[in-house]
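Visitor: As you go down the protein sequences, you meet chains A and B in turn. Those letters in the first sequence? Residues 24 to 175, by this note's numbering. Those letters in the second sequence? Residues 35 to 224, by this note's numbering.
Hints may be right or wrong, so weigh each one.
[Stated by the list, open to error] If you want a taste of the chain A side facing chain B, the calculated C-beta under 8 Å gives, among others:
| id | residue |
| --- | --- |
| 1 | L44 |
| 2 | D45 |
| 3 | R52 |
None of these hints come from the bench; they were simulated from the model. No residue lacks a Cβ here, since even glycine has one placed at the ideal position from N, Cα and C.
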Amino acid sequence: MNAPDQNPFLTPRDRVLAERLDALSQQERAEAPDTLAARVAERTFPLLQQASRREALGLRHRGLKLAAALAAGLALIVGTAWMVMHRVRPPASIVPGTLAALEDDIELLLSLQSMGQDSTGEQIDALFADAAAVSEALEADSLDLVLNGDSL
Amino acid sequence: MDALLAAARRGDEHAWRVIVERYARRVYALARSRCRRPDLAEEITQSVFATIAAKLPAGQYTEQGRFESWLFRIVINRIRDEMRRARVRADAVDPAMLSARQAQTPESTANDLDLGSELARLRAALEALSESDREVIELRHHAGLTFRQMADLLNEPLGTLLARHHRALKKLRQLMEATERPREPDHERT
Chain A
24 MNAPDQNPFL
34 TPRDRVLAER
44 LDALSQQERA
54 EAPDTLAARV
64 AERTFPLLQQ
74 ASRREALGLR
84 HRGLKLAAAL
94 AAGLALIVGT
104 AWMVMHRVRP
114 PASIVPGTLA
124 ALEDDIELLL
134 SLQSMGQDST
144 GEQIDALFAD
154 AAAVSEALEA
164 DSLDLVLNGD
174 SL
Chain B
35 MDALLAAARR
45 GDEHAWRVIV
55 ERYARRVYAL
65 ARSRCRRPDL
75 AEEITQSVFA
85 TIAAKLPAGQ
95 YTEQGRFESW
105 LFRIVINRIR
115 DEMRRARVRA
125 DAVDPAMLSA
135 RQAQTPESTA
145 NDLDLGSELA
155 RLRAALEALS
165 ESDREVIELR
175 HHAGLTFRQM
185 ADLLNEPLGT
195 LLARHHRALK
205 KLRQLMEATE
215 RPREPDHERT
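If we strip away everything but chain A, and leave its shape as in the complex, we get (with noise of 0.2 Å):
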């Protein structure tokens, strides 16, 4: 037997012919071609090589994919801590005075955009008075000239 165990199942006429099965695996093993070994580590080792640099890289990178996570990690306690320490309040304590502030902004700017348009629109006004006035004044003038028949 090829292997160092035993059947116990097996009768002294199936150990004989264990014994010969054991004499066929020898003579086909001996059949190998001599250089059968060689040639298969020479053709096989490029791929064992390449995947055992695979792996390494993959190793690096796994490990430098766990630095930047321990580096991340860390960063936040240390901020998380400094905060603590320096009993620096959250942003929602000043939010009512910057909100004051930003109505009193806008306020100003509305009132400022309302007199720029009536100033405008008091101009526009004006202007459309002036021009109303002076074309009366014409027709008045041309009037009594026809009427008093005076002549140029």
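With chain A's structure known, arrange chain B on it following the hints.
Guide: Relative to the frame of chain A, chain B by itself:
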């Protein structure tokens, strides 16, 4: 063996050569016994070690101390694929057909004469066994696995496997006896 595998995993050429040297003939013998074609057996051997080379560094061999079971599982799967592809099936045949079949086997001419008539008959009888019986015998005798390794590989309880091996040998013996030519009694020679 674990040290060799660890070195090979790191891309050590010497370790890889030792591993291939140690197992190539066993893989070849099993493949050849099943396919009966030396060229195909060599192709299967190379393909198996190519698979091992690709999987070993990637950590796909996780069954520490069970390298042989892992290796021969790959061999068996590769052989099954090849058999499926080639549609070569070792179906059981009527013992009466065995002699005729022996004559028809492609390698039963020169090679079998070299093996000797006894081993040639054994070879022919083996080919007449069912796929399942033949697998057990070939794993045991051609691949040289222990019964424990075979149980691991085939995922069967050890007791079941021992019984299967016994049954397969019994069938093989019956096939051999059926083809044995009856000897002429001594008194008839005179």
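Visitor: The structure should be examined with respect to each hint, and the outcome stated for every one.
Guide: Here's how the hints hold up against the structure:
no. : hint : result
1   : L44  : holds (4 Å)
2   : D45  : holds (6 Å)
3   : R52  : holds (4 Å)
Against the hints set out earlier in the document, no violation occurs for any number.
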